[in-house]
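A.B. asks: So the chains spell out like this:
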Amino acid sequence: MTASFEPGRGYRLNPDVALRPEPFGALAYHFGTRRLSFLKAPDLVALVRQLGSYRCVSDALAAVPDRRRDIYLRALAALAAADMIVPQRDGSEAP
Amino acid sequence: MTTSREPAHSERVPALVEQFKAGLAAPICLTWEWTYACNLSCAHCLSSSGRRDPDELTTDEMRSVIDELRSMQVFYVNVGGGEPTIRPDFWELLDYAVANQVGVKFSTNGLRLDAERAQRLAATDYVDVQVSLDGASRQVNDAVRGPGSYDMALRAMENLAAAGARDFKISVVMTRHNVPQLDEFAALADRFGAQLRITRLRPSGRGADVWHELHPTDQQQREIYSWLADHGDRVLTGDSFFHLNALGATPLPGLNLCGAGRVVCLIDPIGDVYACPFAIHDAFKAGTVRAPGGFAEVWRSAPLFARLRTETSGGACRSCSAYSSCQGGCMAAKFFTGLPLDGPDPECVKGHGATALPGLDRGLRPRPDKDHSHRDPVSVGMPSVRIPAKPCDSSPVAVTA
Numbered sequence: 001m002t003a004s005f006e007p008g009r010g011y012r013l014n015p016d017v018a019l020r021p022e023p024f025g026a027l028a029y030h031f032g033t034r035r036l037s038f039l040k041a042p043d044l045v046a047l048v049r050q051l052g053s054y055r056c057v058s059d060a061l062a063a064v065p066d067r068r069r070d071i072y073l074r075a076l077a078a079l080a081a082a083d084m085i086v087p088q089r090d091g092s093e094a095p
Numbered sequence: 001m002t003t004s005r006e007p008a009h010s011e012r013v014p015a016l017v018e019q020f021k022a023g024l025a026a027p028i029c030l031t032w033e034w035t036y037a038c039n040l041s042c043a044h045c046l047s048s049s050g051r052r053d054p055d056e057l058t059t060d061e062m063r064s065v066i067d068e069l070r071s072m073q074v075f076y077v078n079v080g081g082g083e084p085t086i087r088p089d090f091w092e093l094l095d096y097a098v099a100n101q102v103g104v105k106f107s108t109n110g111l112r113l114d115a116e117r118a119q120r121l122a123a124t125d126y127v128d129v130q131v132s133l134d135g136a137s138r139q140v141n142d143a144v145r146g147p148g149s150y151d152m153a154l155r156a157m158e159n160l161a162a163a164g165a166r167d168f169k170i171s172v173v174m175t176r177h178n179v180p181q182l183d184e185f186a187a188l189a190d191r192f193g194a195q196l197r198i199t200r201l202r203p204s205g206r207g208a209d210v211w212h213e214l215h216p217t218d219q220q221q222r223e224i225y226s227w228l229a230d231h232g233d234r235v236l237t238g239d240s241f242f243h244l245n246a247l248g249a250t251p252l253p254g255l256n257l258c259g260a261g262r263v264v265c266l267i268d269p270i271g272d273v274y275a276c277p278f279a280i281h282d283a284f285k286a287g288t289v290r291a292p293g294g295f296a297e298v299w300r301s302a303p304l305f306a307r308l309r310t311e312t313s314g315g316a317c318r319s320c321s322a323y324s325s326c327q328g329g330c331m332a333a334k335f336f337t338g339l340p341l342d343g344p345d346p347e348c349v350k351g352h353g354a355t356a357l358p359g360l361d362r363g364l365r366p367r368p369d370k371d372h373s374h375r376d377p378v379s380v381g382m383p384s385v386r387i388p389a390k391p392c393d394s395s396p397v398a399v400t401a
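As given, the protein sequences belong to chains H and Y, one line each in that order. Using the working numbering, read the first sequence as starting at 1 and increasing by one per residue. Using the working numbering, read the second sequence as starting at 1 and increasing by one per residue.
Relax, there's no trap hidden among the hints.
Cβ-to-Cβ under 7 Å is the rule here; a few derived chain H residues that face chain Y:
1) 20
2) 22
3) 24
4) 29
5) 38
To be clear, the hints were calculated from the coordinates, so they are not data collected in a lab. Ideal placement from N, C-alpha and C gives every residue a C-beta, glycine not left out.
Excised from the complex, chain H in its bound form:
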C-alpha cells in the first residue's frame, strides 16, 4: 500500500489523521485504518504538523540538531509506513 519512505520528497500529515496533544507529545489516530500511533516527543509533533510546508523531508529536518536527526528520520519512516504521513502531490503543497 505504501511506497518506501524517501526523505528527498515532500510529505505531509495524512488528512485522515488527527493529532491529539498528550503530555508526552501526541497521539495520532488514522480514521481510515483506525490505527493509533504515538509521537513521543513534542518536537516531533511540531515537525509532523509543519511537514507539509517543506519541499522535502530533508529541508524540514535541517534545523534539527544532528544527534536527533536520525531518530526523527526513523520516526517519520515509521509514520509513513503506517500511512500517518503521505507524500505531497507533485512535491509541492500549500501549507
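Based on the hints, put chain Y in the right spot on chain H.
C.D. replies: Just chain Y, lined up with the frame of chain H:
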C-alpha cells in the same frame, strides 16, 4: 487498544507504558454502556444487566456526552450494555456519534441484527460490530448465555456476512468449557470472514458468582497463552491476558499494563464513571457525567483517577521475578476475589493468587453493588456450571432448571 501500534522511535523518551501510567489527556479505550436492559441473563455478565435503570441517560444527555467526546478527541468508543440495541434511540445515537467523528464499536448478542439492519451496518463506515458468543457449540454457549442465544448470535453473523460486513468481530469470554474450542472459534470466524476476539473472564458483576467455577484451569491458562503466541497476530484480546505474560519469553502483543483510570474507563448507563468496565462498584466510581464539568472534569480531576495514575507499590509482588511482565495483573479480578490490590492476581501464573484465595473469608469478599439482574430465576443449562448454594449467595444463576 488492540489497534495500537507503536512506532519504533523510543530511544530518548521513557517507554510508552511509563507514560501511560501517568494517564492520558483523554481515554484511548472508553467503554460506554448504553443500557442495563438485556434480553439475556448471561451467568457471567460483568455489569449484572437485565432490567433497564429508570435513571438512564436521555437521548439529549447521550448527545451531550458524544459532543464532549468529540471535543476531547476520543476517536472511538466501545458501546455495550446490557444489550445496547434495546435502546429505542440506539441507531439514532450511533449515527450521531459517527457523524461527530466518534467511531463506535458496539457489542451485541445479535438481537436486532436482521438482514436489513446488517445491510445498513455494512454500508456504514466507522462502525464495528462485535457479536458475543461464549461457546463454539450450542451446548457450551447456551449453558452460560441462556437458551436460544447461540442460534440468535449465529443468525446475526450470517446476516452480517451475507451483507458483506467486513471484519466484524466474534467476541468470546474464555471459560473452562470453551478453552478446548479455540480452534473451532477460529474456524467459525474464518467461515464468516470475521475476526476472533477472546477476552478474559472477570469475577465482575454476576461473574463474581460463577468465576470460581468457570475460570480456566492453570493448564488451560497455558493453553490460552501458547495458542495466542501461535495465532495472536490474527486474534484480538483487548490486551486482557497480560497477566499470563510470565508464561513465556515473548510478551503477548498490546499494552501490558492495567489501564484503569489511565487509558481506560467506563461510563455506565446512568452516567456514572468508573475506572474500568470490570469495576462497577462504588470503590471505583470516579464521578458522573451529569455533574458540572461533565465527563472531561471527571477524567481530568477525579481523586480516584489521580490515585490510579500514581505508581503502585507492587506490594509482595514487587520482589517476584515475573512482576515486570505481569505488573501485578488485573485490579478488578483482585478486588472481586477479595485479594489485596497490591497483591497477586487470582490467576497469577506463579500460583500466588491460588495459594492466597482459599484463606480468604468468602463472606468478606466485596460484592458487586449495582445489580440490574432480571428478578425471575434464570436457568443455566449445563449441570457442570451449577454452583453450590451459599448462604451469602442470592444470585439467580444458583437456581438451575
